[in-house]
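Peer 1: Given the coordinates of chain A, assemble chain B onto it according to the supplied hints.
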Amino acid sequence: MRPLTEEESKAVFTKLANYVGKNLVHLIDRQDEPYCFRLHKDRVFYVSESSMRLGISIARPNLVSLGTCFGKFSKSGKFKLHITALDYVAQYAKYKIWIKPNGEMPFLYGNHVVKAHLGRITEDTPEHQGVVVFSMNDIPLGFGVTARSTVDTRKLDPTAIIVFHQADVGEYLRDEDTLF
Amino acid sequence: MDVSNILASHAAKYQSVTVEKETPLEVDPGLLMVTDLNPIEAETYNENLEEHLQSLARDGVQSLMTSLFSLPTKPSPDGPLAILPPPVYQLPRAKPLPKPKPLTKWEQFAKAKGIQHKVRDKKVWDEEKQDWVNRWGRNGKNREVEEQWIHEVPHNADVDYDPRKVARDERKERIVKNKKQQEQNIARQTSTRERKQEIEKTLATTRMSTASMGKFDKILEGEKKIRGVKRKFNPNEEPVTNEMKASLDLLNKMESDKKKMRKDPRGEEGSLNVRKAVKFASKGKGGVALGRELSSGKGRGGGKGGRGGKR
Chain A
1 MRPLTEEESK AVFTKLANYV GKNLVHLIDR QDEPYCFRLH KDRVFYVSES SMRLGISIAR
61 PNLVSLGTCF GKFSKSGKFK LHITALDYVA QYAKYKIWIK PNGEMPFLYG NHVVKAHLGR
121 ITEDTPEHQG VVVFSMNDIP LGFGVTARST VDTRKLDPTA IIVFHQADVG EYLRDEDTLF
Chain B
1 MDVSNILASH AAKYQSVTVE KETPLEVDPG LLMVTDLNPI EAETYNENLE EHLQSLARDG
61 VQSLMTSLFS LPTKPSPDGP LAILPPPVYQ LPRAKPLPKP KPLTKWEQFA KAKGIQHKVR
121 DKKVWDEEKQ DWVNRWGRNG KNREVEEQWI HEVPHNADVD YDPRKVARDE RKERIVKNKK
181 QQEQNIARQT STRERKQEIE KTLATTRMST ASMGKFDKIL EGEKKIRGVK RKFNPNEEPV
241 TNEMKASLDL LNKMESDKKK MRKDPRGEEG SLNVRKAVKF ASKGKGGVAL GRELSSGKGR
301 GGGKGGRGGK R
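Respectively, the protein sequence lines represent chains A and B. Each residue of the first sequence is one higher than the one before, counting from 1 in UniProt numbering. Each residue of the second sequence is one higher than the one before, counting from 1 in UniProt numbering.
It should be emphasised that the hints constitute simulated quantities derived from the structure, not laboratory data. All C-beta atoms in this analysis are idealised placements derived from N, C-alpha and C, irrespective of residue type, glycine included. Be careful, since some hints might not be right.
Some chain B residues near chain A, calculated using beta-carbon distances under 7 angstroms [unchecked claim]: (1) Phe233; (2) Asn234; (3) Asn236; (4) Val240; (5) Glu243; (6) Met244; (7) Ser247; (8) Leu250.
Some chain A residues well away from chain B (every beta-carbon gap over 10 angstroms; in silico) [to be verified]: (9) Thr14; (10) Asp42; (11) Ala59; (12) Lys72; (13) Val114; (14) Pro140; (15) Tyr172; (16) Asp175.
Once the Cα atoms are required to be at most 25 angstroms apart in a straight line, the calculated SDA-like pairs of lysine to any residue come out as [stated by the list, open to error]: (17) Lys10(A) / Arg227(B); (18) Lys75(A) / Arg227(B); (19) Lys78(A) / Phe280(B).
Just chain A, with the same shape it has in the complex (with noise of 0.2 angstroms):
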């Protein structure tokens, strides 16, 4: 466990801004309690400060995983943000993406959100934004990219992809094994 480099963190705040845009400021300098990032085995954690200090005390082959895990570091040095990290940015997600009942679960399988499927979407979202999809009853499942601003989606057909699938809560049973 340390903590991460500056060009690490960059990798990740940028990736973390792509969601939450100047929101991230909150979740750096939080008002209850300090938190912070730190790097183990190649995952980014996102931890409070008071569980650091007793993680520290860990041996590293025995320490398995800290406060909430935001995602990994790919071998070349590319961040991924993990279906882990969704509390924290369906919280302060700037663009969001509601889709109806019928469309939760093939959302829920792993698959691209299409037209017929949107119940909703923030005004004025750019094409290839990061957004947070939601149930109609305001339960984040997941987040992915716009394929579409809101202006140009008016004029697709229902089978066209509005937002591209990177992860959804599904990850949970899928990839149980490799996602913390």
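Peer 2: Frame of chain A; chain B shown alone:
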């Protein structure tokens, strides 16, 4: 009409333009500098420091102004300008004196024998051509023998004796000898520490330069394991507030970078290619050589230019 009381009141209002001190102030208008050599009056100093300093400053500036106005002037569009005399005060040197260059072998010898150094002209007089010709180089005099159209051949010469080749070889030998002497001078002048460092660096490079990156090489006795540059991370135990501050700074920087990117879309990509950077910093010798260099102290910041040979 009596104006003496008006003048008196005027004089009381403005202090006189002359400055009178026990030791007169030393004014150097060339540097716009005034030196007050009078000892500090303890009484006024202790009483009111500000006032004392102000009066001192006033006297100094007043005497400087007086001397400036007495200087010759030249007219300019902005009004008359005083022509400053060259400065009198010798400012001390900011940097230490440069170290004398180490002597070459010939210079040492010449010094010991008391031989005066003479700079030889580049041109020499040629009687035949009745002109100045280069001592060496293009159409140089040193190639005169090998370029002449008729040669004298000694009595006992071989059949295949080539006087032109002999002269040329002699000249080439002289060049090689001079080059060797030059190199020896440079080697003598670089310190042993530097040379040792250089050797260690080269050794580290060569040890890594086998197909197995030195893994299956026979290790000699007393040879140490080679180590590269160690990565260094911030400690875990640091207060989180420091980290938070660094993160917020980084966020701000990213934000400003983004704004810059908008102006220039071809701006820097951000990620640093470490492998390439190490290769560049070590001049292609690899991270191990770089680590060796860093660990064995600071290098001699460049400046490897050798001295020319004997002139």
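Peer 1: Does each hint hold? Answer for all of them.
Peer 2: Hints and how they fare:
no.	hint	result
1	Phe233	holds, 5 angstroms
2	Asn234	holds, 5 angstroms
3	Asn236	holds, 5 angstroms
4	Val240	holds, 4 angstroms
5	Glu243	holds, 5 angstroms
6	Met244	holds, 6 angstroms
7	Ser247	holds, 5 angstroms
8	Leu250	holds, 6 angstroms
9	Thr14	violated, 7 angstroms
10	Asp42	holds, 14 angstroms
11	Ala59	holds, 13 angstroms
12	Lys72	holds, 17 angstroms
13	Val114	holds, 32 angstroms
14	Pro140	holds, 24 angstroms
15	Tyr172	holds, 28 angstroms
16	Asp175	holds, 27 angstroms
17	Lys10(A) / Arg227(B)	violated, 29 angstroms
18	Lys75(A) / Arg227(B)	holds, 23 angstroms
19	Lys78(A) / Phe280(B)	holds, 23 angstroms
The structure shown violates the earlier hints numbered 9, 17.
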